[in-house]
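Take these sequences, add in the hints, and give me the full structure.
There are 2 protein chains.
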Amino acid sequence: MARPVDKTAVPSVTVPRLTVYLRKLRELQSRGVERVSSKQLAEMIDLNAAQIRKDFSYFGEFGTRGVGYEVERLVDEIKRCLGLERTWNVIIVGAGSLGTALARYRGFTEQGFKLIAMFDTSPKKVGVGFGDGRTIRDAAELERFCRGETVDIAIVTVPAHAAQSIIDRLVGLEPEHRVGAILNFAPVKVFAPRDVVVRQVDFSSELMFLSFYLDREA
Amino acid sequence: MARPVDKTAVPSVTVPRLTVYLRKLRELQSRGVERVSSKQLAEMIDLNAAQIRKDFSYFGEFGTRGVGYEVERLVDEIKRCLGLERTWNVIIVGAGSLGTALARYRGFTEQGFKLIAMFDTSPKKVGVGFGDGRTIRDAAELERFCRGETVDIAIVTVPAHAAQSIIDRLVGLEPEHRVGAILNFAPVKVFAPRDVVVRQVDFSSELMFLSFYLDREA
Numbered sequence: 001m002a003r004p005v006d007k008t009a010v011p012s013v014t015v016p017r018l019t020v021y022l023r024k025l026r027e028l029q030s031r032g033v034e035r036v037s038s039k040q041l042a043e044m045i046d047l048n049a050a051q052i053r054k055d056f057s058y059f060g061e062f063g064t065r066g067v068g069y070e071v072e073r074l075v076d077e078i079k080r081c082l083g084l085e086r087t088w089n090v091i092i093v094g095a096g097s098l099g100t101a102l103a104r105y106r107g108f109t110e111q112g113f114k115l116i117a118m119f120d121t122s123p124k125k126v127g128v129g130f131g132d133g134r135t136i137r138d139a140a141e142l143e144r145f146c147r148g149e150t151v152d153i154a155i156v157t158v159p160a161h162a163a164q165s166i167i168d169r170l171v172g173l174e175p176e177h178r179v180g181a182i183l184n185f186a187p188v189k190v191f192a193p194r195d196v197v198v199r200q201v202d203f204s205s206e207l208m209f210l211s212f213y214l215d216r217e218a
Numbered sequence: 001m002a003r004p005v006d007k008t009a010v011p012s013v014t015v016p017r018l019t020v021y022l023r024k025l026r027e028l029q030s031r032g033v034e035r036v037s038s039k040q041l042a043e044m045i046d047l048n049a050a051q052i053r054k055d056f057s058y059f060g061e062f063g064t065r066g067v068g069y070e071v072e073r074l075v076d077e078i079k080r081c082l083g084l085e086r087t088w089n090v091i092i093v094g095a096g097s098l099g100t101a102l103a104r105y106r107g108f109t110e111q112g113f114k115l116i117a118m119f120d121t122s123p124k125k126v127g128v129g130f131g132d133g134r135t136i137r138d139a140a141e142l143e144r145f146c147r148g149e150t151v152d153i154a155i156v157t158v159p160a161h162a163a164q165s166i167i168d169r170l171v172g173l174e175p176e177h178r179v180g181a182i183l184n185f186a187p188v189k190v191f192a193p194r195d196v197v198v199r200q201v202d203f204s205s206e207l208m209f210l211s212f213y214l215d216r217e218a
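Taken in order, these protein sequences are the chains called V and A.
Oh and the first sequence: position 56 is 56 in my numbering, straight run, nothing missing.
Oh and the second sequence: position 49 is 49 in my numbering, straight run, nothing missing.
Accuracy of the hints is not assured; some may be wrong.
In silico DSS-like links for lysine-lysine, alpha-carbon gap of 30 Å or less [what the hints assert, rightly or not]:
id	chain 1	residue 1	chain 2	residue 2
1	V	K7	A	K39
2	A	K189	V	K79
3	A	K124	V	K124
4	V	K7	A	K189
5	A	K189	V	K54
6	A	K39	A	K24
7	V	K54	A	K7
8	V	K114	V	K7
9	V	K7	A	K54
10	V	K39	A	K189
11	V	K189	A	K39
12	V	K189	A	K54
Note that these hints are calculated values from the structure, not bench results.
Given below as structure tokens:
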């Protein structure tokens, strides 16, 4: 068995980069590439080679000069570090246009995330199919569902005013049933106990990132 | 007039933090808070106070010990730095569920982004309303539209296989008409000339970020 990666040594700012490396390395793997140097990777993903070497050193991986890194091994190490060597059960709460779009997002399954249920409060939506013969459940059943199934991650796509109360219900369950992580798309800051991981997606931030770099006449 | 911020001095990893500061500072402003210390801000957004002071120093802003920073002034500085003191014209290409969700996203207008058009190739969608009496346009008119209006940012929400050809059309226009920045939601790596800013949104990465921190029995 491979030695475990010390996750506490990996800074949180490094984690998004790991996902970028993983995507690129898998692409190389699918093209039959067996080895890659930090310099080659740096050119492919527009990042500094020294930074890449530093990031890979968290796995105890050191490329050999002139030979580079073993692609397959790096893929395995990064997957293990990101917790992707297993399947995570995901639910979506809020079956509006965004929730529906995410339910169709093919990338999730490819990465080991399994959408096991979708919830909404609207009687017009409850019972409607959302793929693979499954139907949208009534949000009133949220607690009962979480007690019967292991829910690892909840994606919250409800309106801003409803987000906190949904999250309170998800994290207010008994410790063995509560949701471990929340991906919140509602445009509002939400709170959860310290041991629940929360990530906020804010589309405005993405546009602000672009406007920072846009240099145009008004 | 305020002295201009030297954007080239601001590292790209700092930019996402600026959007977080801005959101929090605006919230404080709306609650009538006039001054805030780096320590208080650090607690509110779960970040290191020294990091916050360093980030604010890019604007030449130095808090006064015991008094802190002027909230209003910081908001103005960050807005100016992020290019948010003006309005940016945005189009969405791809009127599927994700494109529709983004068209309804209220955060955009609040931050100075103006959705001026939405495009799709499907005859079923072209002509359908998407808010404020506007209707979805035929993607065949993309070039003509961009020559008639200033399009600063294009949000691409087409299927993966169609993304690059749409982007080629948007950036292939005459320099004075081409789109300045692209926010790509299609789950595929896309390419554009160096002077066009491209940002890739990948929902799988968000889930991977969570699974990194999830520590659970399989």
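So, against the hints stated earlier in the document, which numbers end up violated here? none
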